[in-house]
Amino acid sequence: MIETIRFTLNHRPVSVATGRERPLLWVLRTDMELTGAKFGCGEGLCGACTVLVDGEAQPSCQLTLGDITGSEILTIEGLTKNGDLHPLQQAFIRHDAMQCGFCTPGMILKAYGLLLATREPTYEQIIDGMDDNLCRCGAHVRIVKAIQTAAEAMKGGPS
Amino acid sequence: MRFKDGYLQTAPTADVDAGTMSRREFLKRLGLLGGGLIIYCAIGDVTVSARTPRQGFLSGNVPTDFNAFIRITADNRITCFVGKIEMGQGPITSFAQMAAEELDVAYEAVDMVMGDTELCPWDAGTWGSLSTRLYGNFVTEAACEAKGVLKELAAERFNCPVARIITGNGKAHDSEQPAQTATYGELTAGKVIEKHLKDLPPLKSPADYTISGKPYLRRDALEKVTGNAQYAGDIRLPGMVYAKILRPPAHGARQLSADTSAAERIEGVEIVRDGDLLAVLHPYPDAAQRAVERINAQFTLPETGINDKNIFDHLLKMAPEPSIASQAGDVKTGEKGTAAIIEETYLNNYVSHAPMETHTALAHLEGQKITIWASTQAPFAVQREVAQTLGFQQKNVRVITPFVGGGFGGKGSSGQAVEAARLARKTGKPVMVMWSRAEEFFYDTFRPAAVVKIRSGLDNAGHMQFWDYHVYFAGRRACEIFYDIPHHRESVYGEWNMGPGIHPFAVGPWRAPAANTNVYARDLHLNLMAAKAGKDPLEFRLGQLKDRRMRSVLEAAAKKFGWTSAKTPSGRGFGISCGIDAETYVATMAEVAVDEKTGMIDVKRVVCAQDMGRIINPQGATIQMEGCITMGLGYALREEIRFDNGRLMDTNFDTYTIPSFSWLPKIETVLVPNPSLPPKGGGEPAIICMGGVLATAVHDATGATLRQLPMTPERVKKALAVKKNNPARGEMLFRSNKLRAYAQ
Ligand code: FES
Ligand code: FES
Chain V
1 MIETIRFTLN HRPVSVATGR ERPLLWVLRT DMELTGAKFG CGEGLCGACT VLVDGEAQPS
61 CQLTLGDITG SEILTIEGLT KNGDLHPLQQ AFIRHDAMQC GFCTPGMILK AYGLLLATRE
121 PTYEQIIDGM DDNLCRCGAH VRIVKAIQTA AEAMKGGPS
Chain B
1 MRFKDGYLQT APTADVDAGT MSRREFLKRL GLLGGGLIIY CAIGDVTVSA RTPRQGFLSG
61 NVPTDFNAFI RITADNRITC FVGKIEMGQG PITSFAQMAA EELDVAYEAV DMVMGDTELC
121 PWDAGTWGSL STRLYGNFVT EAACEAKGVL KELAAERFNC PVARIITGNG KAHDSEQPAQ
181 TATYGELTAG KVIEKHLKDL PPLKSPADYT ISGKPYLRRD ALEKVTGNAQ YAGDIRLPGM
241 VYAKILRPPA HGARQLSADT SAAERIEGVE IVRDGDLLAV LHPYPDAAQR AVERINAQFT
301 LPETGINDKN IFDHLLKMAP EPSIASQAGD VKTGEKGTAA IIEETYLNNY VSHAPMETHT
361 ALAHLEGQKI TIWASTQAPF AVQREVAQTL GFQQKNVRVI TPFVGGGFGG KGSSGQAVEA
421 ARLARKTGKP VMVMWSRAEE FFYDTFRPAA VVKIRSGLDN AGHMQFWDYH VYFAGRRACE
481 IFYDIPHHRE SVYGEWNMGP GIHPFAVGPW RAPAANTNVY ARDLHLNLMA AKAGKDPLEF
541 RLGQLKDRRM RSVLEAAAKK FGWTSAKTPS GRGFGISCGI DAETYVATMA EVAVDEKTGM
601 IDVKRVVCAQ DMGRIINPQG ATIQMEGCIT MGLGYALREE IRFDNGRLMD TNFDTYTIPS
661 FSWLPKIETV LVPNPSLPPK GGGEPAIICM GGVLATAVHD ATGATLRQLP MTPERVKKAL
721 AVKKNNPARG EMLFRSNKLR AYAQ
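Chains as they are written, first to last, in the numbering used here: chain V, 1 to 159; chain B, 1 to 744.
The hints are simulated quantities; they were obtained by calculation from the structure and are not laboratory data.
Small disclaimer: the values here were computed from a predicted structure and weren't measured.
Certain hints may be false.
As the list claims (entries may be wrong) - Only pairs whose alpha carbons sit at most 30 Å apart, straight line, appear in this in silico DSBU-like list of lysine-lysine: (1) B:Lys309 with B:Lys718; (2) B:Lys214 with B:Lys151; (3) B:Lys560 with V:Lys145; (4) B:Lys604 with B:Lys567; (5) B:Lys453 with B:Lys546; (6) B:Lys559 with V:Lys145; (7) B:Lys214 with B:Lys560; (8) V:Lys145 with B:Lys604; (9) V:Lys145 with B:Lys214; (10) V:Lys155 with B:Lys666; (11) B:Lys429 with B:Lys395; (12) B:Lys453 with B:Lys723; (13) B:Lys718 with B:Lys666; (14) B:Lys567 with B:Lys724; (15) B:Lys453 with B:Lys724; (16) B:Lys567 with B:Lys717; (17) B:Lys666 with V:Lys145; (18) B:Lys560 with B:Lys666.
Stated by the list, open to error - Sample of chain V residues with no beta-carbon within 10 Å of chain B, all distances over it, derived: (19) Val53; (20) Gly55; (21) Thr118; (22) Thr122.
Glycine included, every Cβ here is placed at the ideal spot set by N, Cα and C.
With the hints as constraints, model all of the structure from the sequences given.
Below, the structure written as structure tokens:
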């Protein structure tokens, strides 16, 4: 059944006329043409599709539009503010924290969710918080460093 | 040019039909790119002009004319075209460095275009750590020749001899009249120039390099952190549909019937049959997925009786006659008079590539032409395959490779592109095929399961006397012994790319094919010998090793690691492994702790030293080493495909576990400088030691011998129990075939 679903997407209110049971990942990637969230497993096992839902990192392949009605969704496309890269994006570049880059949007949003919940995470908290997001290229060491650098940069205030 | 790692011997032969790009095609490319200028030149006989010969499977079709690689536009931008693709190993950065270096332009002035069959010079495929060490020569030489032409243009313009022209930072000037200066763009602007170089301009000496050899950050990072980087699945065309294809439940299964009526009830679904393909198409991928799940299909199921436990017996039965990879002396003679013989069998299971991006392609038909955006490691092979399948002329098939989300050898085969092309032709619509994770596992070309048998002996002084090595179906790469053993022989029974009939499903190259298996078996066996000889494993190796490059990486790793001499097993949990891959020398040491109750291996530290000749991008090289080490933890500790009768048990990351953050050891890398050698491979070598270094570390920690990869907790517990029941076992002479007991 087609319904009008409303939510906030990257700081702007949106409405989509489609089925409420459809997965957020595919609505983002097809209806909205926002392809930053990637398909990696479709079962909530890899984190490539991670987005922020009301500030919390979640796999968008496991969410339906019904689940997120009225919520605030942030995808990688909405992370840059007025053309300025987010500290996490800057840190990922500075540390070369990617290879193929397919996991990168999910990694950055997962890390953002982590930093929103834990301002100054310890090494162990980063490892623990990121463990569900997979990277086949083995960029992990640098991703951890990038998160540490970004956490330092974000100490001053909200980003 | 021959590569020692067996690529020329084992790679399939391609019909050399693509030919080099013609002038007409350059002009066409110019049109496609919306103008700009290229310089036409011919250097006498172009085939002679190519310094690095074009030959065989790897480079037979690579054009010799530099225009295929380099384009200079009036705005002083340089475009560098290469047939390689970017899947994470960073050639997009190192090729730009090489082109900028040789052309004498700023690194930032170079734009890269990769993996587009219409724009880029031909390439066999991106694999074998060959991007820099082979294709890099073509780019460097093309840039050098382009610079030669620019110098002649400048000499004409300034009315001075060519010898007086100096180039730098994208400009040429007259050394005796420095005011006479022109940018490359000015030199080429407004005209299409035909130039004939009389002499081959000399290549820059590496000693003068200012860009190559310096660490550069990835040039694609900005696109990748903003989500703007496009992968095949991110391309959007008006009217495009997503296809889901009905798949068999097992390899060897045959479809008997398929009832699509329930699927058809989903609004907007289109059912398409094309030969053996039964697909559902829908503007939404999620709807196409739901629809394909509603097809009620019957299949015959195969009864092969082969599973992941008995596969090793099956492989030994299927073994072809061996070919000898290398030998010296005579192993029979060597065996006489040895004080101790050690004989072991080592196994490893099938391993998946499991890139995060599944195989994806979008095909778009326009009249008699088709364009395909594909995640592939071999766009030109896809072009040929699609042309053959559709009966199209090759020039009417264009394959564009956007960023590729990981390949590791698994995207050398690109069935998804052919599927998308067939469905696009059938329907006339742009069709995207994006494999699900289950399809990705099912159609993966796994790293083959393999068996290694080693029989070796020590003399009274604990020196290696003979080494009789037999590898079944892993392949020859990295199997050759580099220790000074008077009598040795390495016999290879089948390569990693054996066709159907041997393996229950497709196998293929997996990051450093064959090498992971060979190095694991060799190093674990060497440690058992060192244990028998009562020696420290490092000293045991160095004692019979003259090869200078290998000694230097072992010593560099030992220094960084803080290796101190001790008999093994020492209880410290120190592992050691070394090998040669893609002509790069690598030595790795690790420290582990083993929880004897759970069988869990905690990898605390990994140190890796690498000599890769001259290094183009040290930052990129280091990242590749870290990536190899992290990825290599997987095949060493946990990754294996379980199957029964052609059916896979592992279809997603819940049961097929790959390394994640919590696995991370402390990783340290050392680049051992060796600028006198041309650049060697970097994308694969550091992974080859991971099985060996962890198996020797576990043995050093506990005395237990892990004769099978991966070293799952169950296998660790089992090996510990074997050791407890029979403490002397690790030092006994084995003559019986222990295969069955360990194949689980
Ligand atoms: S695609 Fe959503 S978690 Fe993998
Ligand atoms: S960078 Fe390739 S999967 Fe993470």
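So, going through the hints one by one against the coordinates:
For the proposed pair Lys309 (chain B) and Lys718 (chain B), the alpha carbon gap of about 15 Å is at most 30 Å, so the pair holds. At roughly 26 Å between alpha-carbon atoms, Lys214 (chain B) and Lys151 (chain B) fall within 30 Å of each other, so this suggested pair holds. Only pairs whose Cα atoms come within 30 Å are accepted, and Lys560 (chain B) paired with Lys145 (chain V) is accepted, the gap being roughly 21 Å. In summary, the hint linking Lys604 (chain B) to Lys567 (chain B) is supported, as the alpha carbons are separated by about 21 Å, within the 30 Å threshold.
A distance of roughly 25 Å separates the Cα atoms of Lys453 (chain B) and Lys546 (chain B); the hinted pair therefore holds under the 30 Å criterion. Restraint check for Lys559 (chain B) and Lys145 (chain V): satisfied, since their Cα atoms lie roughly 25 Å apart, inside the 30 Å limit. The hinted pair formed by Lys214 (chain B) and Lys560 (chain B) meets the criterion: a straight-line CA distance of about 23 Å does not exceed 30 Å. Simply put, Lys145 (chain V) and Lys604 (chain B) have alpha-carbon atoms about 18 Å apart, close enough for the 30 Å limit, and the pair holds.
A threshold of 30 Å between alpha carbons decides the hint, and for Lys145 (chain V) with Lys214 (chain B) the separation of about 22 Å falls inside it, so the pair holds. Distance hint between Lys155 (chain V) and Lys666 (chain B) is fulfilled; the C-alpha atoms sit about 26 Å from each other, no more than 30 Å. With a C-alpha separation of about 21 Å, the suggested pair Lys429 (chain B) and Lys395 (chain B) falls inside the 30 Å cut-off, and the hint holds. With a C-alpha separation of about 20 Å, the suggested pairing of Lys453 (chain B) with Lys723 (chain B) holds against the 30 Å cut-off.
With a C-alpha separation of about 28 Å, the suggested pairing of Lys718 (chain B) with Lys666 (chain B) holds against the 30 Å cut-off. The suggested pairing of Lys567 (chain B) with Lys724 (chain B) holds, with an alpha-carbon distance near 20 Å, which does not exceed 30 Å. Of the pairs offered as hints, the one joining Lys453 (chain B) and Lys724 (chain B) holds, with about 24 Å between alpha carbons and a cut-off of 30 Å not exceeded. The straight-line distance between the Cα atoms of Lys567 (chain B) and Lys717 (chain B) is roughly 23 Å, inside the 30 Å bound, and the hint therefore holds.
Between Lys666 (chain B) and Lys145 (chain V) the alpha-carbon distance is near 13 Å, which keeps this suggested pair within the 30 Å criterion. As the CA atoms of Lys560 (chain B) and Lys666 (chain B) are separated by approximately 12 Å, the hinted pair is consistent with the 30 Å bound. Remark: the non-interface label on Val53 (chain V) is consistent with the geometry, its nearest Cβ contact in chain B lying 17 Å away (cut-off 10 Å). Its beta-carbon lying about 19 Å from the closest one in chain B, Gly55 (chain V) satisfies the requirement of being farther than 10 Å from that chain.
Residue placement check: Thr118 (chain V) keeps its beta carbon more than 10 Å from all beta carbons of chain B (closest about 15 Å). Once the 10 Å rule is applied to beta carbons, Thr122 (chain V) is consistent with being away from chain B; the minimum gap is 13 Å.
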